[in-house]
Amino acid sequence: NAGVMQNPRHLVRRRGQEARLRCSPMKGHSHVYWYRQLPEEGLKFMVYLQKENIIDESGMPKERFSAEFPKEGPSILRIQQVVRGDSAAYFCASPITGGTGELFFGEGSRLTVL
Amino acid sequence: AQSVTQLGSHVSVSEGALVLLRCNYSSSVPPYLFWYVQYPNQGLQLLLKYTSAATLVKGINGFEAEFKKSETSFHLTKPSAHMSDAAEYFCAVSEDNFGNEKLTFGTGTRLTIIP
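The listed protein sequences derive, respectively, from chains G and E. Going by the working numbering, the first residue of the first sequence is number 1, and it counts up by one from there. Going by the working numbering, the first residue of the second sequence is number 115, and it counts up by one from there.
Rather than coming from a laboratory, the hints here were simulated on the basis of the structure. Some clues are possibly wrong.
To be verified - Capping the alpha-carbon separation at 25 Å, the derived lysine-lysine pairs in BS3-like fashion look like this:
{"id": "1", "chain 1": "G", "residue 1": "Lys62", "chain 2": "E", "residue 2": "Lys216"}
{"id": "2", "chain 1": "G", "residue 1": "Lys71", "chain 2": "E", "residue 2": "Lys216"}
{"id": "3", "chain 1": "E", "residue 1": "Lys216", "chain 2": "G", "residue 2": "Lys27"}
{"id": "4", "chain 1": "E", "residue 1": "Lys182", "chain 2": "G", "residue 2": "Lys51"}
{"id": "5", "chain 1": "E", "residue 1": "Lys172", "chain 2": "E", "residue 2": "Lys182"}
{"id": "6", "chain 1": "E", "residue 1": "Lys216", "chain 2": "G", "residue 2": "Lys44"}
Kindly produce the complete structure, drawing on both the sequences and the hints.
Okay, structure coming up:
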């Protein structure tokens, strides 16, 4: 499967725990976007990374959220001390062809905070 | 900053009827505009995009959209709805108009097809 792979697909955490979401981009691609979809809302941009570099993190909440994309391995979106408001679907996407606005999305990771 | 407004969070049409999903945008410069579709528990798929070429854009699955600058609209249409079209549809604009992938999405329209 050469598509964008995300895991876990579903994650349940209690308030105060940490959530780690992983994303492997399309084969041969070295850039990923993370978007968040809150219930009944559209997707909101969070962060844009290439391997070993954060290009744009203007959409990331100031606290508790971080993202990385190491040289080896998947991109990771980390949420520390989760709260109920973090419950959402988190989508990772690869640019289909850079600079065209076209994204290939993964199936998402759905975080539920109890 | 750009923004997107989708009128109607839920739209129901009969199978075989015309589908019309509305999208209006605000932008100070010519925008790059997109329609994405999301099937249940899946990621978004690109339906079509406008990048300042032809104002009538054809996409996959028989959908098309027309860019109207005077109305700042980019409505999505399909002449004859099929049951498989039931999904959520999102209109989006590229934030800095250089066609990058930092998109601003509308809140979505859930399309229901009545048999």
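Hint check results:
1. Lys62(G) with Lys216(E): Roughly 19 Å separates the two Cα atoms, so the pair holds.
2. Lys71(G) with Lys216(E): Holds - the C-alpha atoms of Lys216(E) and Lys71(G) are around 23 Å apart, at most 25 Å.
3. Lys216(E) with Lys27(G): Holds, because 21 Å separates the two Cα atoms, which is no more than 25 Å.
4. Lys182(E) with Lys51(G): Answer violated: Lys182(E) to Lys51(G) is near 39 Å, above 25 Å.
5. Lys172(E) with Lys182(E): Cα-Cα ~15 Å, so holds.
6. Lys216(E) with Lys44(G): holds (9 Å)
Checked against the numbered hints given earlier, this structure breaks only hint 4.
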